[in-house]
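**Student:** Chain by chain, the residues:
Number of protein chains: 2
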Amino acid sequence: MPINIFTDYPLSWRPDRSRLKRPYYQSLVEQMKGAIESGHLLPDTKLPPQRELADFLDIGFATVTRAYKLSQQRGLTYGVVGRGTYVAKNLKFMQTISRNNAHNIRELGFNASFEANNYLIRSTVEEVSSQTNLVELLNYDEPIGLAKHRLIASRYMDQIGMTMNKENTMIVSGGQNALSIILLSLFNSGDKIAVDKFTYANFIELARLRGIELIPINDDSEGMSAVDLEQQCRLKNIKGIYLMPDYGNPTTITISEQRRQLLAQLIQRYKLILIEDDYLNFLNLYRQTPLTKMSNLVPEQSIYVCSMSKSLISGLRVGFIRTANQFRHSIENAIFNVNVKTSALDAAIVTRALQNGVASKIMQQKLNAVTKVNAIFDQIFDNQPTVNDYHFFRAVPVNSQFSGNQIEQTLLQNGIRVFHSDKFLVGSADRTAFLRVSLTSLDNGDELADTLIDLKAILIQNQFLI
Amino acid sequence: MPINIFTDYPLSWRPDRSRLKRPYYQSLVEQMKGAIESGHLLPDTKLPPQRELADFLDIGFATVTRAYKLSQQRGLTYGVVGRGTYVAKNLKFMQTISRNNAHNIRELGFNASFEANNYLIRSTVEEVSSQTNLVELLNYDEPIGLAKHRLIASRYMDQIGMTMNKENTMIVSGGQNALSIILLSLFNSGDKIAVDKFTYANFIELARLRGIELIPINDDSEGMSAVDLEQQCRLKNIKGIYLMPDYGNPTTITISEQRRQLLAQLIQRYKLILIEDDYLNFLNLYRQTPLTKMSNLVPEQSIYVCSMSKSLISGLRVGFIRTANQFRHSIENAIFNVNVKTSALDAAIVTRALQNGVASKIMQQKLNAVTKVNAIFDQIFDNQPTVNDYHFFRAVPVNSQFSGNQIEQTLLQNGIRVFHSDKFLVGSADRTAFLRVSLTSLDNGDELADTLIDLKAILIQNQFLI
DNA sequence: TAATTTGTTCGTAGACATTTC
DNA sequence: GGAAATGTCTACGAACAAATT
Chain A
304 MPINIFTDYP LSWRPDRSRL KRPYYQSLVE QMKGAIESGH LLPDTKLPPQ
354 RELADFLDIG FATVTRAYKL SQQRGLTYGV VGRGTYVAKN LKFMQTISRN
404 NAHNIRELGF NASFEANNYL IRSTVEEVSS QTNLVELLNY DEPIGLAKHR
454 LIASRYMDQI GMTMNKENTM IVSGGQNALS IILLSLFNSG DKIAVDKFTY
504 ANFIELARLR GIELIPINDD SEGMSAVDLE QQCRLKNIKG IYLMPDYGNP
554 TTITISEQRR QLLAQLIQRY KLILIEDDYL NFLNLYRQTP LTKMSNLVPE
604 QSIYVCSMSK SLISGLRVGF IRTANQFRHS IENAIFNVNV KTSALDAAIV
654 TRALQNGVAS KIMQQKLNAV TKVNAIFDQI FDNQPTVNDY HFFRAVPVNS
704 QFSGNQIEQT LLQNGIRVFH SDKFLVGSAD RTAFLRVSLT SLDNGDELAD
754 TLIDLKAILI QNQFLI
Chain B
304 MPINIFTDYP LSWRPDRSRL KRPYYQSLVE QMKGAIESGH LLPDTKLPPQ
354 RELADFLDIG FATVTRAYKL SQQRGLTYGV VGRGTYVAKN LKFMQTISRN
404 NAHNIRELGF NASFEANNYL IRSTVEEVSS QTNLVELLNY DEPIGLAKHR
454 LIASRYMDQI GMTMNKENTM IVSGGQNALS IILLSLFNSG DKIAVDKFTY
504 ANFIELARLR GIELIPINDD SEGMSAVDLE QQCRLKNIKG IYLMPDYGNP
554 TTITISEQRR QLLAQLIQRY KLILIEDDYL NFLNLYRQTP LTKMSNLVPE
604 QSIYVCSMSK SLISGLRVGF IRTANQFRHS IENAIFNVNV KTSALDAAIV
654 TRALQNGVAS KIMQQKLNAV TKVNAIFDQI FDNQPTVNDY HFFRAVPVNS
704 QFSGNQIEQT LLQNGIRVFH SDKFLVGSAD RTAFLRVSLT SLDNGDELAD
754 TLIDLKAILI QNQFLI
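From first to last, the protein sequence lines stand for chains A and B. Under the numbering used here, think of the first position of the first sequence as 304, with each following residue one higher. Under the numbering used here, think of the first position of the second sequence as 304, with each following residue one higher.
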């Protein structure tokens, strides 16, 4: 018999005691899910403290812990020690960012890659398809890629400054595919991976699917904070770290050389598995002083992911990876289990393009395009012109009083799609808020300029800008 | 202070008490892993009962439960209620079956698909690559496949007898890729899926990677036992079921029409998610009376997987799926998260081949080849000739006294690679044992015949045969 | 068939760390 | 800067279910 009567006690959520069936913790999550889906529990609502809810329901408090933990794994809530447990923000189950093809919407959300140059690859496709050895591309052999393709892949990685683990070069079906493979093979459900507080949304979703817990780390203008990372490592038994050291998505931050050294030391000290996502790798061919690849600093603990989607052709789904020796077998195994193999035809086209000069041409054109769109952006948003720096998207700070959804919806009603930083947020709310404005989807410079001007006007008009 | 002295007590494994650090359960698994890897604990060794080990270590028995459970998730052990916990059989971490390319080995292990006919696709590749609309294949659009490709895919599935869920047709990067996507999106770590006691090895490995528990169900000559399935469902909160209804791998069993009905009823009653793997789908074009697709019997609960690897070209990595409405969104999301998209170029080639007659030609040739190799097998192994039935591999019963490894190694020393049924075994050991003899990798009929004759001789010589 | 052995599930409490006030 | 609030991790015992004898 409960001793306390909570009938009037102000709990933000009062599960129905009578509907509580064994197992309690599952039943509790069911009720919570219902309350969230029906709108009774709104995003960011603070749930009752575990001990209070336990008293109210007359069950052990660790049972509530368990329910809250499960709800967190399902993406329904997030908890902060000392503060409380809250209903998750956006996560309406499908957080993934993909292109919106509605025709009346101007797309500044999806981050594409200047697809107008894609036609340049045609000659290479024809070259490969008329080759005599087409047949060797069409069987089950060589799950990690043909030796000759891997050699070319490896040379490309050398060029962009990745010097280690050459012998462990493999071909996968794009960068996102590489991340799936890595998360499946090197991590277990419940493992923890450190990430930037604002992280690539598709990685967040993939981690959620995999049941991996992401630990958000704060950052500053030089990138992820080494101090915060160290603190979390001491505390939390973190197994891996996911980084986009160059042109971080969505922050646009490139980690400084000094910070790379600090982070690398921590990665070694705490034996983290480093996942280095170098999704804009081709830009290293043009930077005057490319920064050190993190993977070169911790070659025994890293997997380096080199997608060709942004650098060359997004539709062919080819990426390269280099893994530390210790991961080689597991990764090979997972490649076979997820893909069987990557289409060797696609790999042949990509590697041929890297050899016959077509890739260079496409990359150069992308570079020109990216330079141009950044100039447009800088002009409209009154920034200092960026020099020797090539962002595919930019971050526009906005007032954090407004919810991400509110801003996105307002803009959408005005025919513009952008993503608010909330979409990339790991864990609890943050004081800083910004819009990620993609410069890559509108291939026509004039249309981009018009759209950016409209964007700015709407932001000012609604007092979203700060 | 422990009261009992176990110094002489016969425990099959005596973890070092002094090395036991907190958290105990993890530390225990570490020690176990070490003992297994160093060979101190051999496969199938019975571990001490949880309560005994707990007494020995002077810790709570539920802590041992937890350690055993974790070790099971890692694939190190398996437990049977009432019997005990055992060190896992083969699982030397990489169970996956892929082709062995050593040149002195005759391959009867890997299950390929008569690759000699692959050259026929060349004209189609050239046709597609010289098309004018190549560019539309090369961008980020349409993660689940271009509408026109999906239409052709859908028509093909109609032809092979899959009539439901037409509107939910999607393109993925092959059958194995489909399985990854399904396991990632519709299941969580710790969920249970019912499978045949002998199941496709790559599915076992994928489930292990994903942290899904497979529940083995017994079968008979008509396929999976409905009685056993029902019993396990009553007991175990099973969430899904994985079936290869036609030409089950490795059993070669095709589920009878009647059994399909029974299983479908159970799938409905227990609300299971059906994963139907129709990996030899093209054979339905030639069977006189194709059996009902299970997915048609439970269209609201199924995902139907139609790989084109075996049916057409293994190297292009294209497969089709049809999902129940309720799974559509989750699957779409996972497709994007695992693949971003399937190479539309590959999809274009495959769908074009389905239209221009090349696919028919390849399939007909595969049919001829498969008929021929089955006749060779029947003759050498003195079977009744199989009529109107087209196995890519055959099951040869062997004496279960010998370990799978022993038989495989003996054959390998004689230059022949085959797989023992142990490789496909889910959970505990079984009385029945057989070799899966693949008929697909040796394209030359004479070489196959010679190899089968040698195989038979070696089996007899070593008294492996029964 | 009943008793025993053994693994599994679940609820619970203690110890601890962080955040807030 | 200390106390209170709060979430997290881990160990454990009771109840249960299956297999064996």
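Everything labelled a hint here was simulated from the structure, so no lab data went into it. Certain hints may be false.
As the list claims (entries may be wrong) - Just a sample of chain B residues kept apart from chain A, beta carbon distances all over 12 Å, derived: (1) Asn491; (2) Asn599; (3) Ala647; (4) Asn691.
To be verified - Covered stretches of chain B (chain A as the covering partner; in silico rule of three or more C-beta atoms under 8 Å from a C-beta of chain A): (5) 460–466; (6) 474–487.
To be verified - Pairs of lysine-lysine residues, derived as DSSO-like cross-links and limited to a Cα-Cα distance of at most 27 Å, are as follows: (7) Lys469/A x Lys664/A; (8) Lys324/B x Lys495/A; (9) Lys392/A x Lys469/A; (10) Lys372/A x Lys469/B; (11) Lys495/A x Lys542/A; (12) Lys324/B x Lys324/A; (13) Lys372/B x Lys539/A; (14) Lys664/B x Lys469/B; (15) Lys495/B x Lys372/A; (16) Lys469/B x Lys539/B; (17) Lys574/A x Lys336/B; (18) Lys495/A x Lys574/A; (19) Lys574/B x Lys495/A; (20) Lys372/A x Lys664/B; (21) Lys336/B x Lys495/A; (22) Lys336/B x Lys336/A; (23) Lys574/A x Lys469/A; (24) Lys336/A x Lys495/B; (25) Lys574/B x Lys539/A; (26) Lys542/A x Lys349/B; (27) Lys372/B x Lys574/A; (28) Lys542/B x Lys392/B; (29) Lys372/A x Lys324/B; (30) Lys539/A x Lys324/B; (31) Lys349/B x Lys372/B; (32) Lys392/B x Lys372/A; (33) Lys349/B x Lys372/A; (34) Lys336/A x Lys349/B; (35) Lys495/B x Lys495/A; (36) Lys392/A x Lys349/A; (37) Lys336/A x Lys574/B; (38) Lys542/A x Lys324/B; (39) Lys324/A x Lys469/B; (40) Lys574/A x Lys539/B.
Just so you know, these numbers come straight off a predicted model, no measurement behind them. Positions of the beta carbon are idealized from the N, C-alpha and C atoms, including for glycine.
**Student:** Compare the structure with each hint and give your call.
**Tutor:** Now the hints, each set against the structure:
1. For asparagine 491/B, the condition that its CB be more than 12 Å from all CB atoms of chain A is violated, with the nearest at approximately 6 Å.
2. No Cβ of chain A approaches the Cβ of asparagine 599/B within 12 Å, the least distance being about 27 Å, so the stated non-interface status holds.
3. A cut-off of 12 Å between C-beta atoms contradicts the statement that alanine 647/B is not in contact with chain A; the least separation is 6 Å.
4. Every CB of chain A is more than 12 Å from the CB of asparagine 691/B (nearest about 27 Å), matching its label as outside the interface.
5. Remark: the region 460–466 of chain B is not confirmed as covered by chain A, as 0 of its residues place a Cβ nearer than 8 Å to a Cβ of that chain, below the required three.
6. Figure legend: the region 474–487 of chain B, annotated as covered by chain A; annotation consistent (6 residues with Cβ-Cβ distances under 8 Å, at least 3 required).
7. Restraint check: the Cα-Cα separation between lysine 469/A and lysine 664/A comes to about 26 Å, which is no more than 27 Å; the hinted pair holds.
8. For the hint pairing lysine 324/B with lysine 495/A, the CA-to-CA distance comes to about 21 Å; that is within 27 Å, so the pair holds.
9. Among the hinted pairs, lysine 392/A with lysine 469/A is inconsistent with the structure: their alpha-carbon atoms are about 42 Å apart, more than 27 Å.
10. Distance check on the hinted pair: lysine 372/A and lysine 469/B sit about 39 Å apart at the alpha-carbon level, beyond 27 Å; violated.
11. Simply put, lysine 495/A and lysine 542/A have alpha-carbon atoms about 6 Å apart, close enough for the 27 Å limit, and the pair holds.
12. Restraint check: the Cα-Cα separation between lysine 324/B and lysine 324/A comes to about 37 Å, which exceeds 27 Å; the hinted pair is violated.
13. At roughly 22 Å between alpha-carbon atoms, lysine 372/B and lysine 539/A fall within 27 Å of each other, so this suggested pair holds.
14. The suggested pairing of lysine 664/B with lysine 469/B holds, with an alpha-carbon distance near 26 Å, which does not exceed 27 Å.
15. In summary, the hint linking lysine 495/B to lysine 372/A is supported, as the alpha carbons are separated by about 20 Å, within the 27 Å threshold.
16. Proximity of lysine 469/B to lysine 539/B is assessed by CA-CA distance (about 33 Å); at most 27 Å being required, the pair is judged violated.
17. Our distance criterion of 27 Å between C-alpha atoms is met by lysine 574/A and lysine 336/B, whose separation comes to about 19 Å.
18. Restraint check: the Cα-Cα separation between lysine 495/A and lysine 574/A comes to about 13 Å, which is no more than 27 Å; the hinted pair holds.
19. Proposed proximity of lysine 574/B and lysine 495/A is contradicted: the alpha carbons are some 33 Å apart, above 27 Å.
20. With a CA separation close to 56 Å, the supplied pair lysine 372/A and lysine 664/B exceeds the 27 Å bound.
21. Annotation: proposed proximity of lysine 336/B to lysine 495/A holds, straight-line Cα distance about 21 Å (limit 27 Å).
22. Distance check on the hinted pair: lysine 336/B and lysine 336/A sit about 38 Å apart at the alpha-carbon level, beyond 27 Å; violated.
23. Taking the CA atoms of lysine 574/A and lysine 469/A, the gap is near 22 Å; set against the 27 Å cutoff, the hint holds.
24. A threshold of 27 Å between alpha carbons decides the hint, and for lysine 336/A with lysine 495/B the separation of about 22 Å falls inside it, so the pair holds.
25. Note on lysine 574/B and lysine 539/A: the hinted pairing is violated, with a Cα-Cα distance of about 38 Å set against a maximum of 27 Å.
26. Note on lysine 542/A and lysine 349/B: the hinted pairing is violated, with a Cα-Cα distance of about 31 Å set against a maximum of 27 Å.
27. Of the supplied pair hints, the one linking lysine 372/B and lysine 574/A holds, its CA atoms being roughly 25 Å apart against a limit of 27 Å.
28. With a CA separation close to 25 Å, the supplied pair lysine 542/B and lysine 392/B stays within the 27 Å bound.
29. A distance of roughly 25 Å separates the Cα atoms of lysine 372/A and lysine 324/B; the hinted pair therefore holds under the 27 Å criterion.
30. Restraint check for lysine 539/A and lysine 324/B: the C-alpha separation of about 17 Å stays at or below 27 Å, so the hint holds.
31. Annotation: proposed proximity of lysine 349/B to lysine 372/B holds, straight-line Cα distance about 15 Å (limit 27 Å).
32. With a C-alpha separation of about 34 Å, the suggested pair lysine 392/B and lysine 372/A falls outside the 27 Å cut-off, and the hint is violated.
33. Restraint check for lysine 349/B and lysine 372/A: the C-alpha separation of about 34 Å exceeds 27 Å, so the hint is violated.
34. For the hint linking lysine 336/A to lysine 349/B, the alpha-carbon distance of about 42 Å lies beyond 27 Å, and the restraint is violated.
35. Under the criterion of a C-alpha separation no larger than 27 Å, the hint pairing lysine 495/B with lysine 495/A is consistent with the structure, at around 23 Å.
36. The hinted pair formed by lysine 392/A and lysine 349/A meets the criterion: a straight-line CA distance of about 11 Å does not exceed 27 Å.
37. With a CA separation close to 20 Å, the supplied pair lysine 336/A and lysine 574/B stays within the 27 Å bound.
38. Distance hint between lysine 542/A and lysine 324/B is fulfilled; the C-alpha atoms sit about 19 Å from each other, no more than 27 Å.
39. Distance restraint check for lysine 324/A and lysine 469/B: the Cα-Cα separation of roughly 39 Å exceeds the 27 Å cut-off, and the hinted pair is therefore not satisfied.
40. Between lysine 574/A and lysine 539/B the alpha-carbon distance is near 38 Å, which puts this suggested pair outside the 27 Å criterion.
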